[in-house]
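Sequences are here, hints too, so could you generate the full structure?
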Amino acid sequence: MHSVIQAVGLVLDPQVLLTVVLASLFGLFVGAVPGLTATMATALLVPITFFMDPLPAVAAIVACTAMAITAGDIPGCLLRIPGTPASAAYTDETFAMTKRGLGAQALGASLVSSVIGGIVGTVVLILAAPALARIALQFSSFEYFWLALIGLSCAAFVSSDDPVRGFVSLLIGLFIASVGMDGVSGTPRFTLGVTELLGGISFIPAMIGMFAVSEILNSLVRGTARERFAATQKVTGIFRGILGLVRHYWRNVARGSVTGTLIGVLPGAGGDIAAWISYATAKRFSKTPEKFGNGHPEGVIEAGAANNGGLSGAWVPALVFGIPGDAVTAIAVGVLFMKGLNPGPRLFEAQAEMLYAVFIIFLIANLLLLPFGWAAIRLASRILTVPRPQLMAIILLFCVVGSFAINNTVFDIGLMLGFGILAFLLSLAGFPVAPIILGIVLGPLLEQNFLTSMVIAGGDITGFFERPVAAALGVAAILIWAVPLGLAGLRLLRGGARAAKPAENNS
Amino acid sequence: MRKVDVAAGLLFAAFGAGVVVQAASIPPMIGQAYGPGFFPSLVGGGLIVAGLIIALRGFFAAPEAVGEGAGPPAPAATRPYWGALVWLVAGLIVIIRAFEPIGFVPLLGTYLAGFMLLLGVRLVQAVVLGFLLTLGVYFLFVRLLLVPLPAGLLQPLFG
Chain A
677 MHSVIQAVGL VLDPQVLLTV VLASLFGLFV GAVPGLTATM ATALLVPITF
727 FMDPLPAVAA IVACTAMAIT AGDIPGCLLR IPGTPASAAY TDETFAMTKR
777 GLGAQALGAS LVSSVIGGIV GTVVLILAAP ALARIALQFS SFEYFWLALI
827 GLSCAAFVSS DDPVRGFVSL LIGLFIASVG MDGVSGTPRF TLGVTELLGG
877 ISFIPAMIGM FAVSEILNSL VRGTARERFA ATQKVTGIFR GILGLVRHYW
927 RNVARGSVTG TLIGVLPGAG GDIAAWISYA TAKRFSKTPE KFGNGHPEGV
977 IEAGAANNGG LSGAWVPALV FGIPGDAVTA IAVGVLFMKG LNPGPRLFEA
1027 QAEMLYAVFI IFLIANLLLL PFGWAAIRLA SRILTVPRPQ LMAIILLFCV
1077 VGSFAINNTV FDIGLMLGFG ILAFLLSLAG FPVAPIILGI VLGPLLEQNF
1127 LTSMVIAGGD ITGFFERPVA AALGVAAILI WAVPLGLAGL RLLRGGARAA
1177 KPAENNS
Chain B
6 MRKVDVAAGL LFAAFGAGVV VQAASIPPMI GQAYGPGFFP SLVGGGLIVA
56 GLIIALRGFF AAPEAVGEGA GPPAPAATRP YWGALVWLVA GLIVIIRAFE
106 PIGFVPLLGT YLAGFMLLLG VRLVQAVVLG FLLTLGVYFL FVRLLLVPLP
156 AGLLQPLFG
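Chains as they are written, first to last, in the working numbering: chain A, 677 to 1183; chain B, 6 to 164.
Be a bit skeptical, because a hint or two may be false.
[As the list claims (entries may be wrong)] In silico SDA-like links for lysine to any residue, alpha-carbon gap of 20 Å or less:
#1 K1015/A with M728/A
#2 K8/B with L1104/A
#3 K1015/A with D729/A
#4 K8/B with L1098/A
#5 K1015/A with F726/A
#6 K8/B with A1105/A
Hints listed in this document are in silico derivations from the structure and should not be mistaken for laboratory results. On a predicted model such as this, the values are computed, not experimentally measured, just so you know.
This is how it looks when you write it as structure tokens:
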């Protein structure tokens, strides 16, 4: 209890509160503009948080992403262009509602369910994280090795429809993590004799390149860089009849919040996937599935709750084990490490008041969503007509200065450019980018815990299964690999005979 | 055959092979079975396997139908902005080379102005906005965050 009071004191610091408000406004804007994602918002924010105290830094990321993911619903609803990938699942539905004159209802429903989903996710975080941390205190390098492996495997299998592509992205991330002096022996690896690479590839410039520069490149090549969005009408009456709607669909709100949070807790799966799954579940369990797709609020409410729940849920493994649940928490974990606040169970003992303060920030950010989200919807027509070339120039400026500012070296600007081009080419060829960032963050964790475990076990692989929790985690990790591989093998055997014929005809 | 997949897959496999070869030359830790070269060689091996799978799948896949997919209505103008693209990349290389001597404000101001100009912003607006933004960010980072952005040519003014 004492730490809770201390935590309130920490949060009431004007610097923290101001940061939350500013980061919220920034997140709302970035989320509402199509093409700018919540991850990009975080990537651009990080160089500035680098110069803040740990609490405002984390607060900024939490507030910014919660706002961005909700504001992403706005252009989806009004223009059929999702503002962030997390809104893509129900963009068609909300747009159909707008065409039927129910735009205000769609936005109001997704906003209110977002707030509820976010709060449920936060409550789960508050209850589950400390309990898990107590268990995690017993963990040794064996358990951490398996946890990191599970996190990486989920990242590869869940983040794209094609696990092989996800796996390649992941391996690229792991390779990037291995550049520089190895953490155990200090041997330089893959540095090509470049001194700047001895300390490894800087995380922030790489991330800015992958999530911001690549988006600019993308809009230039696709020719959307000057595109102006159609002016939209002003949306009024956002909260009219909303309580009745939420009460009517309370099952969807509850189910969306809970499944979203649970999906978020899984390493590698975040709000985007939570929204897709929840929309599908809503349709499946609906009494009127035929109404889906024609402007029906049921799925919007469930998925809207789910993506915000997923956002909070993703912080559970991030804070307890240092294993991020999605790209945003991967960045946040990177920031925490740079701040010397190594995420993990010890954090819950040594810095309990810090953690409670973070939890309070989660609640504040989700409650702030109501007034801020309302204002953003009212101002939507203004935000959507922001001229794109000027906007991209500003982003470019912050990319350059942000990449430079971390280590004060122009080498990092080059890294940013290189990673921007790499991520752009990868996404052109259909490879997901998020597993790369998870690979970069989890790579060292995986390798160091493996090597340490090997030393402890004296080179004996069975050591990885000797402790009960480690054994359970190990079996889980193996199953994650065995099941999809087995299914793919079966499909290959069955499909091989059929696929062979048309191939012969073609040649 | 999907050419992109074949090319990408082969590229990744070749890269993986390079990683394995490089990893083999990393000296092992004395007295340990698994040294600093072990993980990179696993990563490289994984890239070889996954790259080959993607290349093979792409080789046997049916060619992609053109104009497939029922996404949102295609925007009217979809011509790539090659000029702005070249400017973006080449400009960054110049910025990296001349960061110290020329300085942050002259370089980035010109860079942003040119970028906006190539995207159809009017000359006066592009130049004014480019330099105002750059100046604002310069003072924010130098004064508030204490990042040593080089003044360069403008040293006499800012000194």
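So, going through the hints one by one against the coordinates:
no., hint, in the structure
1, K1015/A with M728/A, "9 Å, holds"
2, K8/B with L1104/A, "13 Å, holds"
3, K1015/A with D729/A, "8 Å, holds"
4, K8/B with L1098/A, "19 Å, holds"
5, K1015/A with F726/A, "8 Å, holds"
6, K8/B with A1105/A, "10 Å, holds"
Checked against the numbered hints listed earlier, the structure breaks none of them; every hint is satisfied.
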